[in-house]
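Peer 1: For the record, the sequence lines run as chains D and B.
Heads up, the final residue of the first sequence is numbered 477 in the numbering used here, and it's a clean run with no missing numbers.
Heads up, the final residue of the second sequence is numbered 1497 in the numbering used here, and it's a clean run with no missing numbers.
Simulated from the structure, these hints should not be mistaken for laboratory data.
Do not take every clue at face value.
Unchecked claim - With the C-beta cut set under 10 Å, the calculated list includes, among others, these residues of chain B facing chain D:
#, residue
1, A752
2, L753
3, S760
4, P1202
5, I1263
6, S1315
7, V1319
8, G1492
Unchecked claim - In silico DSS-like pairs for lysine-lysine, Cα to Cα no more than 25 Å straight-line:
#, chain 1, residue 1, chain 2, residue 2
9, B, K789, B, K1487
10, B, K718, B, K1487
11, D, K23, B, K1087
12, D, K23, B, K789
13, B, K732, B, K789
14, B, K806, B, K709
In this text, a Cβ means the ideal position worked out from N, Cα and C, and glycines have one as well.
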Amino acid sequence: MKKIVYKILFTVLIIGGFTSCDKELEQIPYDQFASENAFVTASDFENGIRGAYSALTRAGYYGSSDAGSMLSLPDVISDNVTLAQRGRRTKRYLHEFEYFPTATVRGFYGDAYTVIYRANNLLFYIEDFEGENRANIEAEARALRAMAHFDLVSVYGKIPTQSGDANGSLGVAYVTEPDPLVEPARVSVGEVYENIINDLTFAAANINANNDPGRLNKDAVNTLLSRAYLYMGQWQNAINAANNVSTAIAPRESVVGIWDDTNQDGLLFYIPNEATVLNLNIGVTWSQGNVTTLIPEYVASYELFQLYNDEDIRKEGYILPAANNASNMEFNAIRKLFGRPGQFNGQVDIKILRAEEAILNKAEAQYELGQTGQALTTLNQLRDNRYTSYTGGETGTALRDAIRLERRLEFAFEYKRFFDLKRWGLPIQRENFGDLADGTGTPSENLNLPASSFRFQLPFANGSLDLNPNLVQNPGY
Amino acid sequence: MTTKFSGILTLLLAFIVQISFAQEKTISGTVTDDIDLPLPGVNIIVKGTNSGTQSDFDGNYSISAEVGQTLVFSYLGFTTQEVAITPSTNTVNLQLQPDAAELDAVVVTGYTRRNQTVQTSAVVAISAEEINQLTPTTSIDNLLQGKAAGVQVTAANGKPGQGAFVRIRGMGSLVAGASSPLYIVDGAPIREQDLASIANEDIENITILKDAAVTAQYGSRGANGVVVITTKSGNRNTEAKVRFSSRYGVISKTKDNFSMMDAEQKMQYEAELFALGVVAAGSRPGVTTAPGSPERQFLLDNANDWQDVLLKDGIVQSNNVSFSGGAEKVDYFFSVGHDRNTGIIDNINGFERLNTRLNLNFDAKEWLSVSANVGYSRSLSDEPRDRNNVQNPFRAMYIYNAYEPEFQLDENGNPELDANGDPIYNPTHQGFSIRGALLSEPENTITNVTLASVNTTVKFTDNFTYTFGTAINHVNYRRESYSKPGGILQNLIGDPDFPGLKTDNGAQRLDMTLSNRLNYSLNSESGHNLNVLGLFEYNFNENNFYRVTSRGFPSALLTTQINAAEVTIGSTNRNRLTLLSYGLFADYNFREKYLASASIRTDGSSNFGKGKEFGTFYSASVGWNIAKEDFFAVDAVNDFKIRASYGTVGNRNGIGRYAPQDLVAFGAYPGGSATIPANVGNPELQWETTETSNIGVELNMFNNRLRTVVDYFKRNTTDLLFTIPTADESGVGGIGGNLGEIENTGFEVSLQGDIIRKPSFTWTMGGNAGFMDNKIIELPDGEDIIPNAFNILYREGEALNQHYLLQYAGVDPNTGAPLYFGEDGGTYRFDDLPESESDNRVLTGKSSIPEVEGGFFTNFSYKGIGLRADFIFKAGNYINNFNRAAIETDGVSPNGNHHVGAFNYWQQPGDTNVLPSPIYRTEVQASDRFLEKGDFIRMRNIVLSYNFPSALLERSPLNSLRVYVQGQNLLTFTEFFGDPEVGISSGETIDFVNTVAPGEATLFSYPQTKSFQVGIDVSF
């Protein structure tokens, strides 16, 4: 009998001591936070908008994806660079115009829509928020959403001025709700631009004149707006928006330092890139190694290199004489993302918008309106700050070409060239120069893309098409 | 009460008798089995005392006993016999009779241990003896291959210590980790990738539970089958037995069944390409140097075989010692072991493991017994990069050209030296010397695993017992990755102000199970045997991770973070998953003739939506052993059992631990925190359920010489858990959900026969095969699903894991251009393909899953000499051979090396059976051109062994001595280009845990190895 008491006592003790109850099934994450609690206070929304911006640094957007990103694509598909045989031959399919639904920049596509989702998500929660800085954050979110759609439509759709049928052709889906289940159809290029203008106009009216580095501000939004109008061929609007940009362009003596982050002159929107915060070696998109061990992916095309005359400070600022001594090769390396002083790790701030663009947008729009005198004055504003001396005084198409040339020189390796050629209805024509510093070496394989080619609109990835039954592929693919 | 009384009376009488006639004498004899084979290791104890012994290798024994005492002879799988000692007893030669259909037929279904004879469901047990024959793999899962019908095993890759993908009866889920079986070691769940922490030498039994009648006992997690691993224990009343086993051998890469171009061939190929207009070949030495020129000769003189440079013949080594034994109330097993496999990459080490274990069972009181199984292991592994880029040595060994030297050479062909006098590695055309990087970019992992399981059993009555058990699996994992200052990577992307970059990250994983079990068992004399088990269990799983990265190291010799100038990343993470279970299981048999079992179990898991946490799973099974019926009088048939089972089992893997909740995470962005939407919650998430029906027949004939098991099963999995990818435009990636239904059906046969069974000569052959079929019955909204794989698509009504590709139609004999099939069935040049919504891709009907898979063996033994060979085979699966695509590029990548077959391109009209002309390199597009049949038969293992006869050992202190030579993967029959045993394609692209379609593609993961080893097993 005593034994049975022991047994029961023993059993009860262990059962009582170790048994848990149903409450253990309620688990809340340690590393994450319920969304509904994450967008309440003013500082929550500050964090939220930074979260939306941070998607810009993803590999496919302004990161250095080997498959190509906004950081590299518009120059890789252009005449500004030559494939370096010494390198890893990344992004070659873009450079050689061999992109297909099976090989395209899907990373960029997804990343741009991630920016859009995060902006929309914030806009959803901000409706119930009446606190400090609301208008500014709402403006930032809408500007980001517009910017991402603008980049998307530039890559996948036609640009209104590119051809007569552009506005009616399919652009991209313009997404304005944070709906995870959305399977949107593409809308016309005209409709996409209408939405972009709508968002940017709201943003320009509501955003702060100054925000922290890494965030958009009034000048940045107006520059984007002037670009949108320029792409649409609404010249006066482009001029008006550019006129709203008050930041001065970088003076000549600052030009070299902008690219190694020793000054920020003329920068309207850039993302600081510190080792302890973002720590992105974005420069690997162009090269790895130092000036004597360089392994370039792409080099400045010899044609472009020759266009920079010795009076032009940008020759020093944008192009780096470098070599791979082990292979006895010398290169015109791309300096814009090479590194800070003493560095070759490709870790520099991500520069996205500069005041110089407003000037060049304006000059181009003025020319198109026939205001050639004003256009020349505007253009000279930039040239005065780049050359020790230049001839100038162009008129007629020579002026147009001068504006276009200056745009190419100013924004080489800065995400514009492909779009510019595209909207001007011009072909891509590469000179048959090799990849070495003196133009010898191996040239890129496919040199030309006719202006009429369907390849000016990139294909959607098969994977994207499979997931969204409403997505229609571009013609030709 | 009466029985108890009479028992006591008997004891009392025996005691009196003993006093009266106590007379000690030595009894000796030989124990044999039913066919006169000597039985070693039979336990012989003097009943009611502590003294006992074991028979030796030849079945001989000798023991002291007193007249009137009783000797008890027991051996697993045989009927225990008792022999009383009379004054005239001097010799007892005994023949034991098998008590079950199979000698090794003990199956461990986790909560219970039973005999195969009364089993009503499909289970396969692998005994210690068999494991012992196959030991040279460091991971248990590899060892399961070819051992059990319906168990599909795909070796992940050849990396030392790497495991395998085990799929029991097909894919029960659309997510990788969720298709793995549940592994239980002495009651503690263990992750598939941690299996390498268990020493083969410690394993007593591996039981694979295939159908729902038994897996339902694991309700929540048994949907994909259960592998129950039981470690060894000692025998009671025996003196300590010491066992020592050791082996040593060499391993090397399995030889390629193709040849790479040598320096001369590659340069010729480059010249040919350039002549055909491949501009990029213009910078290659085949174009820039003239044949016969001194420059060309220089390259030829310094040519390399990169496989020789990068690889080595590695060493495998294993040493294990164990002690086991017991007294009347206690038994123990203790072991310690060390294993090493250096792998085949020169410049780094492979895998090394130290393990130790103590298993103890003791009766604390008459009504209280305690058992404790505690094992610890520490594994070290050097990690090469496993990705499709320049940092992967297994890619480099194919892509580097033979004319590229290991070091940068001066004009005399001597290596150039750096400032420290060390030779400078040649970055090659890849811009990166993997040779140097293996030294300057080391990465290694250290995994400490502690497995502890403690059970306390209270015996209320003979029928009722209560057990409280705790089972703990604790993994302490650390990874270190160092980019040394001055190393290859630092010179490419380093920061001169902060030279060197180091990451330490790690995990503490705790899995704790507390279980309460109330057991009722009844074995009535009238033949009714009933066992009922009630279960209440709580499982708690917590992971803690940390990561620190810093930069700026003053010396490459300093590796700890304290030496760094600046921390760039520091983070910790934690997550939890809990499970609460109630179960009731019952087994019944009547004289082992009529068998039945049933179970019900309710599980609640924390990763499901509110109100959806609980799922209820149940099973029932029946069996009838016709051979035990009186009316069945066929002498040739020993057992003829028909069984059927049906049941449901759950699964909770495949989604995040907090998938039902809407969540954000926080990152960093200039200015402060950044809120990042992290999870779109699905509050409707619930259990995935698998329903299995099974019909089986077991037939043992001719004195159990021919043993056959046949099973047919049908498994339907519904409410599949899956992260459903959303449209790219949604910007969220995917949402966890329950979607659709898949069905696996299969037919399994295993056959084993003793062709010769004589005392000195046996020859056994056996084999098994599983024929599998599967189908996706339903997907949400009927829409196709693209999993995280290379070219796999899931579509309703179609088989799983099919490759979804454009179809290659060969080369146009007139032009040399590659042709492809359009959706309309016509053949086209790539640019002329008709517009098609699917881009002319089709579900090829070719899947990564084999249609049939299995193994067979042959085992001779003649007077102690043994020869055993084990084969595995697979057929009907297709592998996308990206390895071949990378070395057969038709001019797309002229810089890298190619295989010799690349010369066979179209040259003139009429050429057939050729590769496309490099002129059309832009038309070389992803297609099924490199999709190859993965069929193979491989001799996994061959062992020649010799057991020294006890006559020879008599004068030595040894009980047994076995020496052997062993070879692994020595023979392979396949038409596949390369090694057909493919699991992981590229470990850093899709890692082990995230692999949905094992074996879908090759992409330069660690290749398979072969080995030769010699070994010795000693016991005394």
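Peer 1: Which hints from the list above does the structure break, by number from lowest to highest?
Peer 2: 1, 2, 7, 8, 10 and 12
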